[in-house]
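Chains as they are written, first to last, in the numbering used here: chain A, 1 to 218; chain B, 1 to 193.
Source of the hints: derived by calculation from the structure; they are not laboratory data. Each hint should be verified, as a subset may be incorrect.
[Unchecked claim] Which chain B residues face chain A? A few, computed with CB under 8 Å, are given here: (1) 114; (2) 119; (3) 167; (4) 176; (5) 179.
C-beta: ideal position from N, C-alpha, C; glycine also.
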Amino acid sequence: MAEQDQKNKKGFLATANGQPSTDEFIKGLWRDNPVFVQVLGMCPVLAVSNTAMNALAMGLATTFVLLMSNILVSSLRNFIPKQVRIASYILIIATFVTITDYLIQAISVELHKSLGAFISLIVVNCLILSRAEAFASKNTIGKSIQDALGMGVGFTFALFCLGAVREVFGSGSIFGFSFFPENFQDWVVMILPAGGFFTLAIWLLIFNGAKQRKLKTS
Amino acid sequence: MNTESLWYIFISASLINNFVLAYFLGICPFLGVSGKMETATKMGGAVTFVMIISSMCAYGIHLFLEAIGAPFLQLISFIVVIASTVQLVEMFIKKISPALFRALGIFLPLITTNCAILGLALFQTNKGYGLLESFVYALGAGAGFTLALVLIAGLREQLEFAEVPGIVKGTALTLLIAGILSLSFMGFAGLGS
Chain A
1 MAEQDQKNKK
11 GFLATANGQP
21 STDEFIKGLW
31 RDNPVFVQVL
41 GMCPVLAVSN
51 TAMNALAMGL
61 ATTFVLLMSN
71 ILVSSLRNFI
81 PKQVRIASYI
91 LIIATFVTIT
101 DYLIQAISVE
111 LHKSLGAFIS
121 LIVVNCLILS
131 RAEAFASKNT
141 IGKSIQDALG
151 MGVGFTFALF
161 CLGAVREVFG
171 SGSIFGFSFF
181 PENFQDWVVM
191 ILPAGGFFTL
201 AIWLLIFNGA
211 KQRKLKTS
Chain B
1 MNTESLWYIF
11 ISASLINNFV
21 LAYFLGICPF
31 LGVSGKMETA
41 TKMGGAVTFV
51 MIISSMCAYG
61 IHLFLEAIGA
71 PFLQLISFIV
81 VIASTVQLVE
91 MFIKKISPAL
101 FRALGIFLPL
111 ITTNCAILGL
121 ALFQTNKGYG
131 LLESFVYALG
141 AGAGFTLALV
151 LIAGLREQLE
161 FAEVPGIVKG
171 TALTLLIAGI
181 LSLSFMGFAG
191 LGS
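Just chain A, same shape as in the assembly:
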């Protein structure tokens, strides 16, 4: 559903802009990746990345909220008084999160249960507020959409990286299909909270290492 939405938006953008520039989109994927580089929105990243499915669902839900709030903030940017802008952003975000919450409940009660309170907690994801404040409030709708999609996909990608690693080692399966031989001993620590911290730390190490190597060679 959210994916379909994204595709429609991309098509709309390409025709509306004349010459579509994808800079704002690309930067969220790698250079300014919200999780690995900016270290924003850590709470859901750690909390619901215990299986790949949860991680993917959470990433898509966040992308949807990010996209909608960026569009609305960007289109209202000339009307919102400066003094109350943060409060207005939060209200806009909270509205979309409530919609998402009910939407997920309608699609799959099981998924809603396993994500629990963390769907509501998208409201306080620093990533969304920071994109509204730092980008959408200063740029046109087209650019904001690109920015939201880039950041959203980057966020989903990061969540998925974490979720996949934790599920593979923690339960010996991916998306519920187990592929390890039967005598594989699950690394229980990976699905425990501590595993989340360790996995994220290791991903950050890999990113930092790659960045430093690039600096050295250039």
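Using the hints provided, position chain B relative to the given structure of chain A.
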């Protein structure tokens, strides 16, 4: 009330299900202001204060929204109450101690987007706690948050002098320590049974 006495709620919120180390709530300030012991303690205090007030308000709001039959407004009203409480605390700290105000910097207004506080309001509603239970729950969560923040700040202060490889420095190192702390907090799991 027989199994879930107030004491149990407190211990559960602060140690067994520590908000930072078991639920991953409030990670942003946890990574951001845990560099120095002093700032960490005060940040903990501010968060606990906001938690208690917003938890009390959340209880009232929940009753009210139930009465008028509009549960879908819950999230929006919670966040508005939290934002105004944070504003109040901000003005209060600015007046009392400008030095602390500068030390906390951007992280003070960011308490609004601290998931621990909204999470607390949502959890207590889900669990159906009464007024007194909510109060104890907020107190325990605040104490747990402060404890985790102070522990990590102490560790990070010591690690300032240690020689670590360049790529581990910063967030990755903090996360590794947090992982170890989280493991050790699992030792409290037996307290509840």
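These are the hints, each one checked on the structure:
{"no.": "1", "hint": "114", "verdict": "holds, 7 Å"}
{"no.": "2", "hint": "119", "verdict": "holds, 6 Å"}
{"no.": "3", "hint": "167", "verdict": "holds, 4 Å"}
{"no.": "4", "hint": "176", "verdict": "holds, 5 Å"}
{"no.": "5", "hint": "179", "verdict": "holds, 3 Å"}
Going through the hint list in order, the structure satisfies each hint without exception.
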